[in-house]
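Engineer: Here's the letter readout for the chains.
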Amino acid sequence: MLHDYANIGMLLVIALLFPFLALGASYIIQPRRPGVEKSMPYECGVDTVGTTWVQFRISYFLYALIFVVFDVETIFLYLWAIKFQQLGLAAFIEMFVFMMVLVIGLGYAWNKGGLEWK
Amino acid sequence: MNITLLTSEIAIICLSLLIIILDLLLPRFETRRSLGYLAAAGVAGVFAYTCTQYGVSATVYQGLFTLDSFALFFKQIFLLAILLTLLFSFDYVEGLAKYQGEFYALLLLAVAGMMIMASANDLLTVFIGTELMTVTFYILVGYQFNSSKSSEAGMKYMILGSVSSAVLLYGVSWVYGCTGSIVFEQIAKHANTSLGMLFGFGLIVAGLFFKMALIPFHMWAPEIYEGAPTPITAMLSMGSKVAGLAVLLRMVFIAFVPMQAYWGGIVSIIAAITMIGGTVIAMWQTNIKRMMAYSSITQAGYMIVGLLSADASGIKSVLFYAMLYMFANVGVFATIIAVKKHHGSNEIKDFSGLAQQSPLLAVVMTVSLLSMAGIPPMAGFAGKLYVFSTVIEKGYLWLGLLGFVMSMISVYYYLNVTKVIYMNEPCVQKEFIVSQPLRIAALISLLATLWIGIYPGPLAELANTAARSLSIL
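Residue numbers (the numbering used here), protein chains in the order written: chain A, 1 to 118; chain B, 1 to 473.
None of these hints come from the bench; they were simulated from the model.
Mixed in with the good hints there might be a few duds.
[As the list claims (entries may be wrong)] Only pairs whose alpha carbons sit at most 27 Å apart, straight line, appear in this in silico DSSO-like list of lysine-lysine: (1) B/K149 - A/K112; (2) B/K394 - B/K149; (3) B/K430 - B/K419; (4) B/K349 - B/K394; (5) B/K156 - B/K419; (6) B/K430 - A/K112.
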């Protein structure tokens with residue numbers, strides 16, 4: 001019992017040490033030749049134009065919500081598809097009911113203008 | 001697997017989806033009253049169907065969902081509550097700026113959540129039912145988009161409700177950790193009084209007490225009752241409260257039997273604080289919805305008193321009280337909506353002269369308020385008699401006496417409204433319009449309150465059957 005906890009404890013210690021070792025080693029051995037281009041806080045791609053503190057349209061939220069709904073549906077469909085042979089007809093019908101409910105939701109969002117960029 | 005046990009829930013959810021689809025198909029500027037009638041007719045149909053289900057006792061989904069007379073009794077309370085609420089809220093919904101069709105659909109979904117709570121036989125189904133109900137209420141409480149008060153109430157309810165749900169869920173995780181199961185019967189087998197188990201039980205009960213708005217978990221109630229649209233206030237005080245009660249009863253008497261030694265102490269103290277606090281603060285209110293919020297806190301205090309006597313007669317008294325509380329609430333809120341439509345505000349002084357403007361509503365309001373106070377010919381008297389006589393038999397004499405004293409004090413603020421209705425002159429001279437569906441809902445509430453009060457036998461018998469089906473005794 002206590003032995004198992006020792007394993008977990010070891011793992012915890014290693015997990016805590018590892019990032020320090022990795023970052024520390026590169027900190028010690030890295031060559032330092034800073035330049036204008038290198039010290040810029042960029043992520044990737046082209047340089048930013050203007051201020052980066054812009055406001056986003058609230059419409060992004062609607063898109064994100066609708067997107068998440070279908071994301072969840074995909075995950076659910078995967079599991080259903082793997083076990084489809086064993087589940088039989090009832091699960092087939094149930095999945096269609098589930099998808100119908102989501103389609104009604106999408107239809108609602110569409111009809112109310114949730115997909116339009118105004 | 002007998003899926004037919006879920007028929008009433010499935011029917012309500014299908015009805016809700018149907019209303020959403022029809023709302024999309026109706027022309028934009030068409031009135032949505034037809035959808036309201038459709039919802040009311042559908043709910044009436046489901047109610048009639050549930051009447052045929054009494055005597056069933058079966059589970060589905062490997063014991064996670066159970067249907068017995070106890071669950072049915074609560075489902076009928078919810079269905080009647082929503083039916084009468086729909087009847088008196090048609091005019092109110094017509095006054096909403098937008099999303100009128102969705103209002104009915106969301107109300108039905110909230111009721112589906114309550115019905116799942118009444119049938120839930122494991123902690124996660126309880127949680128799902130609770131969330132279905134409360135998430136819908138978050139939206140509905142903030143439904144008056146042009147009123148900042150309503151939006152504020154919706155926001156507050158969402159934050160506080162989420163915290164209480166988190167507390168409930170944390171308690172569930174502790175109970176699962178200690179017993180290895182979430183199904184009520186399995187928890188009962190493994191239940192012990194270890195510290196972790198008590199902690200989990202305490203958190204779950206705190207989460208449910210929040211839903212029932214018992215002191216000291218009541219802070220949200222007055223603000224949110226005042227800000228919410230009146231039909232939603234009515235459903236919050238009838239549905240949310242009674243659904244919490246249903247879960248609490250089933251959970252305490254099936255899953256957490258060894259906890260009952262601790263249970264008596266906690267509940268008697270909370271019930272006492274709730275009865276005293278609710279009554280005392282209600283006296284100072286000038287807004288009728290705030291007054292009803294405190295009144296509903298007090299009423300919840302009376303209801304959980306019945307939980308102290310852990311036997312069939314105690315549960316029966318709680319079920320009986322929940323039913324008549326629902327009828328009294330319908331009467332009061334129907335009148336509030338009619339007066340609000342006339343005056344445009346919810347102050348108690350707006351009720352002045354109601355007796356001359358609409359004698360029927362004046363009588364309905366008076367009878368409902370007196371029923372809540374527990375005056376003899378009304379149903380409230382029979383309910384309080386059952387509740388307090390069962391706890392006095394169990395040795396809680398002090399709590400029974402406290403309940404009687406608080407009922408007498410509460411007569412003051414209930415009769416205060418009645419005094420305004422009958423003694424004052426109407427302040428606005430214009431025609432007082434009472435729509436036909438609202439009149440019907442008010443009449444049903446009046447007749448039911450008087451009938452149960454004079455002849456409580458049949459309902460008591462039904463409540464007794466329901467209590468005995470909980471199979472604990």
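Engineer: Tell me, in ascending order, the numbers of any earlier hints that this structure violates.
Structural biologist: As far as the earlier hints go, 2, 4, 5 and 6 are violated by this structure, in ascending order.
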